[in-house]
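Enquirer: Given next are the chains, with one letter for each unit.
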Amino acid sequence: MINIIADWFRNITFLQILDFIGTFAFAISGIRLASAKRFDWFGAYVVGAATAIGGGTLRDVMLDVPVFWMHDGFYLSCTGLALLWVILLRKHLINMHNTFFLFDAIGLALFTVVGIQKTLDCGLPIWVGIVMGTMTGAAGGVIRDVLINEVPLIFRQEIYAMACVVGGLAFGLCYMIGLPTIVTHLTCGALVFLTRVLAVKYQICLPTLKSEDDIE
Amino acid sequence: MINIIADWFRNITFLQILDFIGTFAFAISGIRLASAKRFDWFGAYVVGAATAIGGGTLRDVMLDVPVFWMHDGFYLSCTGLALLWVILLRKHLINMHNTFFLFDAIGLALFTVVGIQKTLDCGLPIWVGIVMGTMTGAAGGVIRDVLINEVPLIFRQEIYAMACVVGGLAFGLCYMIGLPTIVTHLTCGALVFLTRVLAVKYQICLPTLKSEDDIE
Amino acid sequence: MINIIADWFRNITFLQILDFIGTFAFAISGIRLASAKRFDWFGAYVVGAATAIGGGTLRDVMLDVPVFWMHDGFYLSCTGLALLWVILLRKHLINMHNTFFLFDAIGLALFTVVGIQKTLDCGLPIWVGIVMGTMTGAAGGVIRDVLINEVPLIFRQEIYAMACVVGGLAFGLCYMIGLPTIVTHLTCGALVFLTRVLAVKYQICLPTLKSEDDIE
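Residue numbers (the numbering used here), protein chains in the order written: chain A, 2 to 217; chain B, 2 to 217; chain C, 2 to 217.
Misleading hints may appear alongside valid ones.
Note that the list lumps identical chains together, so a pair holds whenever it fits in one copy or between two copies.
Below, computed lysine-lysine pairings styled on DSBU-like, alpha-carbon distance capped at 35 Å [what the hints assert, rightly or not]:
no., residue 1, residue 2
1, K119, K92
2, K92, K38
3, K92, K211
To be clear, the hints were calculated from the coordinates, so they are not data collected in a lab.
These numbers come from a predicted model, not from an experiment.
My request is simple: use the sequences and hints to build the entire structure.
Expert: Printed below as a string of structure tokens:
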């Protein structure tokens, strides 16, 4: 038994750690917003799961490939762990604000890279990859906000999904000049992460569309 | 002509009667909530249909199998009948409250069993089946509430989707000890139905997540 | 270079012009509603794109065929152009109200025809085609309203989606009596367009379902 667990730990890759961090942070964000709306545990779990796996599910359905979380119990377990975490440690969640922000940015970066690569593996062009990478990273948050009946935050907040686009364009550039996959992935991920962190640090927002009512 | 209709009635199975009852009750629930929002007949029909077939559609798209209602006119006709029913008999709907509640619970039970079995038939593990069964039973109500722009009821109400999970776990147990399919299905369906009925009778709710704002 | 562009223009068909008009008008409608909610440029682009390609994406995913916009950059470019248009010319948008209304009706007609034909090409019966045609034309607007967190307009407004159904029934009739495809398409498209224009001109609405609360 201990051998199996030891083996299991030995086989964990750096990528899986990042995947755990990202999924966990996304799920936490969904569960916290659900709790602010007085959802019960089941509702909170669903919103957490939708935030964590919604973008990738949308991507896989559109690409017509098997939906990723059905073939690996990791993602739904991870959401369960996040629910447990919020139930047990909710008093300390506010103090972990910065940690979760960084975890969320790591998730955003990883999910973007995964989404682009998976799209390219389907034989689709790089511009579809950038759209799909952005969807993998950001659509979960939109589904979350639809489920809790709020206007999607990422459409009005500091730069979030645009960080995926910036990283995606870098991916496209690296891809076209033929850099090795690992370099391409790292460049893209680093750029998504940095763009997001800098955007929040300096409160960089995209311009807002002026409503027609504002024009006198 | 009469022969055809007589033949048709002879060929109706018990399962089809349950399917009709469930679809009808789900559609009625969507149409009534749409009417409370002053939707027109078309809007009410769409919300009714989304409630009745939304969960199964989501399941079939994710499992990458043909969407069930496209291959059997029964489901959309049934929604049409439900619309007619609400238009003609709306004054009496309140008196039928208990009947519709029981019909809804029957639908929930049947859809859960169908969803799990269909997932297993795709060669996926039982835990995916439980997720998919719950989605088949409960996602239609979530789509309904998103369309009428309300916070999904099932995330805050008495136990609803958790009844599917309870039945699903029983399905998994029967499945693993190798009971005959019919016993497995009946056990699962009965448990979903009973859990739902008892939850409403005794107003059993899941615990609510305390919001962080509540903690002083 | 000039040769390529000249060639490109020569190859534009009448259908592509209609497609551009419809996509553009749908995207504009999404972007304008997003701007009324103070979305940023990215949010407005996403809502515009969801309005323009959401219905067709839903259709393709349900029919299990490749999603149309992934194989032709036209649709997302067209949405980008619509965003630029709103940013630059928003002061004049109100004066273009009638033009956009007609463009929107053209889009509705074209998308309905395309949706029905694509469904028939998948070997599905005509009634599924009518459902899918209506979805292609009208679901984008529903997704738009869900994203901006409003009750979907088309469920309460003048006849919109019903115009697709009217055109769809005409398509079915022409199809069953075996008229040439081009006649079937034109009849369907013309009926959708006319129904929509007349419905708005004479403010024709479907009956509203009376809420049960209204009945004393």
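Enquirer: Hint by hint, say whether it matches the structure.
Expert: So, going through the hints one by one against the coordinates:
In this assembly of identical chains, the alpha carbons of K119 and K92 never lie at most 35 Å apart, being 39 Å within a copy and 42 Å across copies at closest. For the identical chains of this complex, K92 and K38 are neighbours both inside a copy (17 Å) and across copies (34 Å), given an alpha-carbon limit of 35 Å. For the homomeric pair K92 and K211, the shortest alpha-carbon distance between copies (10 Å) is at most 35 Å, but the shortest distance inside one copy (40 Å) is not.
The structure fails hint 1 only (numbered hints given earlier).
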